[in-house]
Amino acid sequence: MNQAIQFPLAELHTQCEMVRALLYKTADLMDKRGASSQAEQIAMLNLWANRLCCDALDRAIQVHGGMGYSREYPFEHLYRHHRRYRITEAPKRSRRGASPASCFGTMGAAREGTHERTARRVKIIEIVGLGPVPFGSMLLADMGAT
Amino acid sequence: MALRFINENRIRQAAASLGVAQMSVNASVQYAQKRIMRGKRWR
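Chains H and U, in that order, give the protein sequences. Every number in the working numbering is 152 more than the matching position in the first sequence, counting from 1. Every number in the working numbering is 5 more than the matching position in the second sequence, counting from 1.
Keep in mind the hints are simulated off the structure, nothing from the lab. What you are looking at is a predicted structure, and each value in this text was computed from that prediction instead of being measured. We put the CB at the ideal spot given by N, CA and C, even for glycine. Incorrect hints may appear among the rest.
[Said to hold, decoys possible] Far from chain U by the CB rule (all over 10 Å, computed), these chain H residues: (1) Val171; (2) Lys184; (3) Gly218; (4) Tyr221; (5) Arg223.
[Claimed, not checked] Among chain U residues calculated to face chain H with C-beta under 7 Å, some are: (6) Leu8; (7) Asn14; (8) Arg15; (9) Ser22; (10) Val25; (11) Gln27; (12) Ser29; (13) Val30; (14) Val34; (15) Gln35; (16) Tyr36.
[Unchecked claim] Here are the computed distance ranges between Cβ atoms for each label pair: (17) U/Met6 with H/Phe159: 42 to 50 Å; (18) H/Ser188 with U/Lys39: 40 to 48 Å; (19) H/Gln214 with U/Arg9: 33 to 41 Å; (20) U/Lys39 with H/Glu228: 18 to 26 Å.
Just need the whole structure built from these sequences, with the hints factored in.
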């Protein structure tokens, strides 16, 4: 097989395995400690499973050539279907677990006060309505740019 | 209680997405293996 086809597929397969490992672990912990105890992991999972799904379908369309785009194959339908989850799921809840506020605000260092200022500013950004902020803009906020 | 259902639905949705991702990777591999380009296979 051509390596231009092979490498991306191998990467996507690896990512599938990674997401699956987190999925099984989270499902196991949900069984053991209750369904609502793993909200953060579920948020991470939702974000990455949907992203991976769209990436894999995009690659499948590419590998299949023009036929992947047609309705002969299921890929374009599935892509449209699962692209929606990145619109409806992501902004509301699924990024909360993967957001810096969750990483820094709920972890030990922030609670002990070392990163209190950063955590507070991230919280303010979230309240103002910019939503979950990427790491880059969080650093800018900490330097006083916003 | 409501949070429980939300979490269960969301992990179910993540699992569905993962299944679709795995299916499309498998289908791509299968297709690329049988595809013939300019008279010979792609490998």
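Evaluated hints:
Non-interface status of H/Val171 relative to chain U is broken: a Cβ of that chain comes within 10 Å, the nearest being about 5 Å off. Distance check on H/Lys184: its Cβ is at least 14 Å (rounded) from any Cβ of chain U, clearing the 10 Å threshold; non-interface status holds. Interface exclusion of H/Gly218 from chain U stands, the closest Cβ pair being 13 Å apart, more than 10 Å. With a least beta-carbon separation of about 13 Å from chain U, H/Tyr221 lies farther than 10 Å from that chain, consistent with its non-interface assignment.
With a minimum CB-CB distance of about 15 Å to chain U, H/Arg223 clears the 10 Å threshold, and the non-interface call stands. Satisfaction of the interface hint for U/Leu8 is found here, the shortest Cβ-Cβ separation to chain H being roughly 4 Å, below the 7 Å cut-off. About 10 Å separates the beta-carbon of U/Asn14 from the nearest beta-carbon of chain H, more than 7 Å, and the hint is not met. Restraint check, U/Arg15 versus chain H: the minimum CB separation of about 5 Å is within 7 Å; hint holds.
Because the beta carbon of U/Ser22 sits about 4 Å from the nearest beta carbon in chain H, less than 7 Å, this interface hint is met. Because the beta carbon of U/Val25 sits about 5 Å from the nearest beta carbon in chain H, less than 7 Å, this interface hint is met. At a threshold of 7 Å, the smallest CB-CB gap from U/Gln27 to chain H is about 5 Å, leaving the interface hint in force. This hint holds: U/Ser29 has a C-beta 4 Å from the nearest C-beta of chain H, less than the 7 Å allowed.
For the restraint placing U/Val30 at the interface with chain H, the shortest Cβ-Cβ distance is roughly 5 Å, inside the 7 Å limit, so the hint holds. Because the smallest distance between the Cβ of U/Val34 and any Cβ of chain H comes to about 6 Å, under 7 Å, the interface hint for this residue holds. With its C-beta approaching chain H no nearer than about 10 Å, U/Gln35 sits outside the 7 Å limit, and its interface hint is violated. Interface restraint check for U/Tyr36: the shortest CB-CB distance to chain H comes to about 6 Å, inside 7 Å, so the restraint holds.
The hint said 42 to 50 Å for the Cβ distance between U/Met6 and H/Phe159, and at roughly 47 Å that hint holds. Taking the beta carbon of each, H/Ser188 and U/Lys39 are about 46 Å apart, inside 40 to 48 Å as hinted. Look at H/Gln214 against U/Arg9: about 40 Å separates their beta carbons, and that is inside 33 to 41 Å. In this structure, U/Lys39 and H/Glu228 meet the distance hint of 18 to 26 Å, their C-beta atoms being roughly 21 Å apart.
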